Every structure is written in structure tokens, then in C-alpha cells.
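2 protein chains.
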Amino acid sequence: MLKVGTLWVCLITACATGCGVAAQATDPLPSWNDSTSKTAIVDFVTKVTQEGGADFVPGSERIATFDNDGTLWAEQPVYVQVAFAFDRVKALASQHPAWKQQQPFKGVLDGDMKAVAAAGERGLLEIIAATHAGNTTEEFETIVRDWISTARHPTTKRLYTEMVYQPMLELLTYLRAKGFKTFIVSGGGVEFMRPWAERVYGVAPERVVGSRATVKYERREGRPVLLRLPETDLVNDGAGKPVGIHQAIGRRPIAAFGNSDGDFEMLEWTTSGRGPRFGLLVHHTDAKREWAYDRESHIGALIRALDEAPTRGWTVVDMQRDWKAIYPFQK
Amino acid sequence: MLKVGTLWVCLITACATGCGVAAQATDPLPSWNDSTSKTAIVDFVTKVTQEGGADFVPGSERIATFDNDGTLWAEQPVYVQVAFAFDRVKALASQHPAWKQQQPFKGVLDGDMKAVAAAGERGLLEIIAATHAGNTTEEFETIVRDWISTARHPTTKRLYTEMVYQPMLELLTYLRAKGFKTFIVSGGGVEFMRPWAERVYGVAPERVVGSRATVKYERREGRPVLLRLPETDLVNDGAGKPVGIHQAIGRRPIAAFGNSDGDFEMLEWTTSGRGPRFGLLVHHTDAKREWAYDRESHIGALIRALDEAPTRGWTVVDMQRDWKAIYPFQK
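From first to last, the protein sequence lines are chains U and E.
Using the numbering used here, you'd call the opening residue of the first sequence number 26 and step up by one each time.
Using the numbering used here, you'd call the opening residue of the second sequence number 26 and step up by one each time.
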């Protein structure tokens with residue numbers, strides 16, 4: 026009986042092993058055209074995972090960090106979190122009658138984006154503060170979860186979670202299959218990403234690093250809650266990204282992926298460590314399938330990082346040239 | 026040939042599978058006496074890992090958090106990090122001639138612990154600030170790594186990393202084998218623990234949460250560094266623990282392990298969530314093999330948590346009764 030049992034285990038396992046080998050032989054990055062970008066990625070992964078090789082990196086140290094907006098999903102015409110904040114203004118308007126007369130809230134309610142834009146970054150921060158605080162972490166999570174399951178992109182009419190980049194999903198999966206720990210390190214709010222990042226990117230909440238509000242532990246009706254205060258605890262952007270990485274990960278990444286000057290310091294910090302390092306920028310060059318922008322963009326401006334990429338040895342992905350498909354629904 | 030190959034895979038796999046079954050049959054917690062504590066642990070782990078069971082928790086949500094001082098390693102007669110800070114005062118004294126006349130530094134240099142104690146908590150914070158800041162994160166890591174590899178406990182003369190609790194090491198391993206993600210959530214400095222936590226506890230740097238100094242990204246001689254400032258960014262103790270957990274993990278743990286009132290809120294936060302929850306306190310009751318202390322102790326005071334443990338359903342480990350061995354060298 027034991028023998029028969031073992032045989033079944035054998036057959037099942039052999040099949041599984043066989044499938045595994047077959048899967049490995051297929052291209053792990055099918056949505057990437059054969060280009061210098063793809064070659065650079067595969068070469069790097071191959072050398073750091075080659076046991077006994079000069080560039081071998083133990084699994085525990087294979088940290089890869091990914092920006093989110095413009096690197097893993099689309100960020101045009103406005104950051105998704107800004108669209109969320111605008112929808113929150115509308116949802117909360119009845120509780121704030123003064124907003125009808127008060128910019129930038131009035132602009133959001135009237136659909137007058139010029140008025141909102143005129144309020145500048147300060148106006149945007151005002152909107153974020155008014156719509157993102159005062160609730161508990163669990164209440165906020167529910168709000169995000171509900172919103173992201175129905176909200177749609179203004180021009181494509183797709184769910185925002187459908188507007189993730191297929192080649193980057195493949196890259197995340199490929200790296201994890203090669204023993205990497207994949208982290209999101211975004212300028213966006215960490216509590217805005219955690220509710221869906223595992224489902225969409227396969228990145229668990231504890232591997233999402235982002236900007237964050239101050240939270241306070243207190244008791245409400247005898248039950249403990251974490252209250253979200255209208256204070257910023259960390260701006261995880263620019264020089265704040267290596268700080269966020271240090272706080273949350275405690276180890277310098279060996280690979281970093283971004284798309285804007287907000288990712289400059291993350292790539293610089295990552296690629297200036299000892300041993301094999303990899304930096305990659307997604308350059309938005311595809312006006313037809315996505316958007317084309319860099320230096321002049323009001324979102325995701327890419328200037329210094331693009332200028333210095335060649336001397337720093339960073340790989341620049343040309344979306345139009347390098348990616349067969351942009352979104353999963355185009356596969 | 027393929028058949029032969031498959032057969033080999035079968036034999037190897039069958040052997041491995043057989044070994045796995047055998048290992049599972051042995052006691053995963055051999056240093057725990059059969060007691061209500063051990064039963065409570067095993068029962069909890071069994072029910073949350075039973076697929077299809079009413080209390081099943083998916084692997085991704087199996088978060089377990091462990092305090093460090095007094096929960097995973099000894100904290101008497103002073104916190105290990107305080108011993109480290111005192112040694113840093115001695116190492117840095119030649120650069121600070123004024124310390125010879127200035128308390129609490131003079132007390133440390135003269136070995137006059139009464140004078141140090143007289144300076145109170147404020148004095149201790151002064152010592153920590155003076156010895157823990159002004160260097161880069163990498164410099165500090167090297168200092169910790171060097172110190173921990175040679176510094177010894179004042180009475181046992183053992184390396185501090187030998188004074189970890191064997192039953193807790195087994196518990197960490199057992200939980201990870203059951204698909205748990207094990208985190209350290211300590212009032213101690215995160216940068217003091219990360220350099221050795223993976224080697225000693227099997228807990229990678231990104232799974233260590235602790236108090237932390239503010240760090241700043243800047244360039245030194247053209248190379249980027251993270252500079253440690255003499256400012257506290259988070260006190261990860263008491264009500265700060267759920268905050269640190271939220272920042273770093275983003276999910277409420279389902280199990281938490283502590284030993285003092287500094288862990289009260291972590292256990293409260295953990296065990297007041299929906300679904301199966303587990304809270305455990307290590308009660309230091311063994312004056313012979315370790316130390317016996319709770320309410321009156323100047324370190325690791327355990328008052329409220331001990332009082333409320335029964336009504337909150339927290340398991341209280343009686344070290345003397347429940348643990349066969351305390352340290353690995355007593356196995």
C-alpha cells in the first residue's frame with residue numbers, strides 16, 4: 026500500500042516537475058519585444074541568481090522596488106489617487122455645505138478643472154487632507170476598496186486596476202519566480218494602495234511602501250482603532266524614497282524601477298550600492314496606446330533621470346518600441 | 026530515458042515527502058512542557074491552518090508579531106541596547122573629553138551605575154542620542170554587527186545572541202512552517218536589531234519593526250548616504266506598537282507575543298480583531314534559570330497586561346513551569 030501511495034505521489038510530482046520545467050522554457054516576459062531593455066533585465070536576473078557565480082546574490086537580499094504611478098499603472102490625465110480624492114469631495118459634499126462656495130472644492134463639485142488647477146499643489150493638498158483624514162484605518166480601507174472596485178478611467182472607461190502594465194506584471198512575476206522580494210515604493214498613499222495591491226500585483230500589504238498620514242491609537246466605544254490624522258508622517262517621494270525604503274525594508278534594493286524624477290533618488294540609492302545593481306526607467310513614448318510625455322509633463326516629469334540614465338547605466342524602456350502590449354486587455 | 030528520469034525524480038521526491046511526514050510527526054515545540062500554554066498555541070495554529078475549517082486564515086494574513094526584549098531574549102539586568110550604548114560611550118569617550126566630568130556619561134565611564142540611574146530616563150535618552158546618531162545607516166550597522174559578535178552578558182558571560190529563548194526560537198520556526206509571516210515588533214531600535222535578527226531568529230530585516238531615528242538622504246563626497254539624525258521618528262512601544270505595525274505591515278496581526286505592559290496595546294490591537302486571534306505573554310517566573318520579575322521590575326514591568334490576561338483570553342507562559350530549557354545552550 027505504501028508503495029502504491031508513493032507511486033501516486035511520484036506520478037503527481039513528476040507531472041508537476043515536468044510542467045515546471047516546461048514553464049521555465051517558455052518566455053517569462055512574453056509582452057516584451059526582444060530589445061536591449063529585455064536583454065538587460067534577463068541578463069541581470071540570470072547573473073544574480075547563478076549560484077557560484079561572481080555576481081550571485083542570496084535570495085534574502087534580492088530586493089526589487091517598484092514605483093507605482095506611471096511605472097506599474099497609468100498616471101494620466103491625473104494620478105488615480107487624485108481622481109479618488111475628487112470623488113470623495115463629491116461624496117462628502119453634503120456634509121460640507123461651505124464647499125459649494127469654496128475653492129478648490131467648488132471647482133471639483135462644478136467639474137471646473139481650471140479652478141482646481143489654479144489652486145495649485147496647495148489646493149490639491151487641501152483636498153487630500155479634507156478627504157483622507159478623520160476616519161479610522163479600517164474605515165478608510167473599506168472606502169478605497171469600494172471605490173477601486175467600480176471607479177473608471179475618464180477616457181478609456183476601464184477600471185483603474187485594468188490599466189496596469191502587462192509587461193510590468195510579467196516582470197513582477199518573473200522576479201518573484203527568481204526569488205526576488207518585490208516591493209512597491211510609491212509617492213502615493215500607502216493606505217490607498219494596500220487594499221488592492223495583492224490582488225492586482227501580487228504584492229502583499231507589508232511590501233507596499235508609500236506616503237502616509239500620521240495615525241493614532243485610541244479607543245472608541247471600548248474598541249481600539251487607529252485614527253487617521255490630517256498630518257503627513259512621510260512624503261515617500263524623491264529623497265523621501267530611500268528614507269521610506271530604509272524604514273520599511275532596512276536593506277538597500279539591488280534593483281529599482283521608476284518612471285519620473287520622483288524616482289531619481291531611489292534609483293541612485295539602489296544602483297550606488299556595492300555588487301550587481303539594476304536601475305530601470307519606463308519612458309512614456311506611446312501616444313497611441315498610452316501617453317507620450319517626459320520633460321514638460323505636469324505629472325511624472327522625467328528630466329534629470331533621463332539625462333543621467335546613460336552615465337549611470339540605467340535601462341530606459343521605450344514603451345512604444347519595447348512593449349508588445351500595454352494593458353492586460355490588449356494581450 | 027524519460028521514464029528512468031521520472032523514476033529518479035519519484036524516488037527523490039518520495040524520500041523527501043516521506044521525510045516531511047516524519048518531521049511533522051515529531052514535536053515541533055520540544056522545549057515546551059506539555060501544558061495549557063503549549064496546547065493553546067498548537068490548537069490555535071491547527072485551527073487557522075485547517076483548510077475548509079471555520080477558523081481558516083489564508084497564508085497571506087497569517088501575521089504573527091513578537092516583542093524582542095524579554096520575549097525573544099533576556100532583558101535583565103539592563104536592556105542589551107543599553108549595554109551597547111554604555112560601551113559606545115566608552116568607545117567614543119576620547120572624542121568627548123567633557124564626558125569625564127559630565128553625568129550621566131561620567132557615571133558610565135566610572136562604572137558608577139548609581140549615578141547613571143540617578144539621571145533617570147532623561148539621562149538614558151541623552152546617552153542614546155549621543156551614541157546612536159551622527160553616523161550613516163551603514164556605519165551604524167557595522168558598529169552593531171561588530172559589537173554583537175563579541176559583547177557578552179555581565180553575569181552569564183554568554184554572547185547576547187546566545188541568550189535567546191529556545192522555546193521561542195522553536196515557536197518562530199513552527200509558525201513559519203505553518204505559513205505564518207513572523208515579525209519582530211520591539212520598543213528597541215530597529216537598526217540595532219536588523220543586523221543580526223535574520224541570523225539569530227530567521228527574521229529578515231524587512232520583518233523587523235522597532236523604534237527609529239529620523240534619517241536623511243544626502244550626498245557625501247558624491248556618494249549618497251542615509252544620515253542618522255539625533256531625532257526620534259517613532260517610539261515603537263505601548264500605543265506606538267499598533268502604529269508601527271500599521272506603518273510597516275499594514276495588516277492587523279492574528280497573533281502577538283509579548284512580556285510587558287509595553288506590549289499591552291499590541292496584544293489588545295491583535296486580539297480585538299474579527300476571527301481567530303491569539304495573544305501570549307511570557308511571564309518571567311524562573312529566578313533560577315533566568316529571572317523572576319513582573320510588577321515591581323524597573324525593566325519589563327508587567328502589571329495591567331497580567332491583570333487583564335484572563336478576561337482577554339491571553340495565554341500566560343509560566344517560564345518555570347512551561348519551558349524545559351530557557352537558552353539553546355541548555356538543550
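One or more hints might be untrue.
Which copy is meant is left open, so a pair is good if it fits within one copy or across any two.
[To be verified] Simulated crosslink set (EDC-like; lysine to aspartate or glutamate; CA at most 20 Å straight-line):
(1) K115 to D52
(2) K241 to D258
(3) K356 to D311
(4) K139 to E187
(5) K241 to D286
(6) K139 to D52
(7) K206 to E86
(8) K206 to E223
(9) K115 to D286
(10) K131 to E321
(11) K182 to D343
(12) K125 to D68
(13) K313 to E333
(14) K125 to E163
(15) K115 to D343
(16) K313 to E243
(17) K241 to D135
What the hints contain is simulated information worked out from the structure, not anything from laboratory work.
Computed from a predicted model, the values in this text were never measured in an experiment.
Hint by hint, here is what the structure shows:
1. K115 to D52: neither (46 Å within a copy, 58 Å between copies)
2. K241 to D258: Both: 11 Å inside a chain and 14 Å across chains, each within 20 Å.
3. K356 to D311: within (16 Å within a copy, 64 Å between copies)
4. K139 to E187: neither (28 Å within a copy, 65 Å between copies)
5. K241 to D286: Answer is between; shortest inter-copy Cα gap is 18 Å, intra-copy 32 Å.
6. K139 to D52: Cα proximity of K139 and D52: none, with 47 Å in one copy and 68 Å across.
7. K206 to E86: Answer is both: 8 Å inside a copy and 17 Å across each meet the 20 Å cutoff.
8. K206 to E223: both (13 Å within a copy, 15 Å between copies)
9. K115 to D286: Close neither inside one copy (32 Å) nor across copies (44 Å); limit 20 Å.
10. K131 to E321: neither (28 Å within a copy, 59 Å between copies)
11. K182 to D343: neither (25 Å within a copy, 60 Å between copies)
12. K125 to D68: neither (56 Å within a copy, 57 Å between copies)
13. K313 to E333: Neither: 27 Å inside a copy, 63 Å across copies.
14. K125 to E163: Answer is neither; intra-copy 29 Å and inter-copy 52 Å both fail.
15. K115 to D343: Neither, since 38 Å and 56 Å both go past 20 Å.
16. K313 to E243: neither (50 Å within a copy, 39 Å between copies)
17. K241 to D135: neither (34 Å within a copy, 42 Å between copies)
Checked against the numbered hints above, the structure breaks hints 1, 4, 6, 9, 10, 11, 12, 13, 14, 15, 16 and 17 and satisfies the rest.
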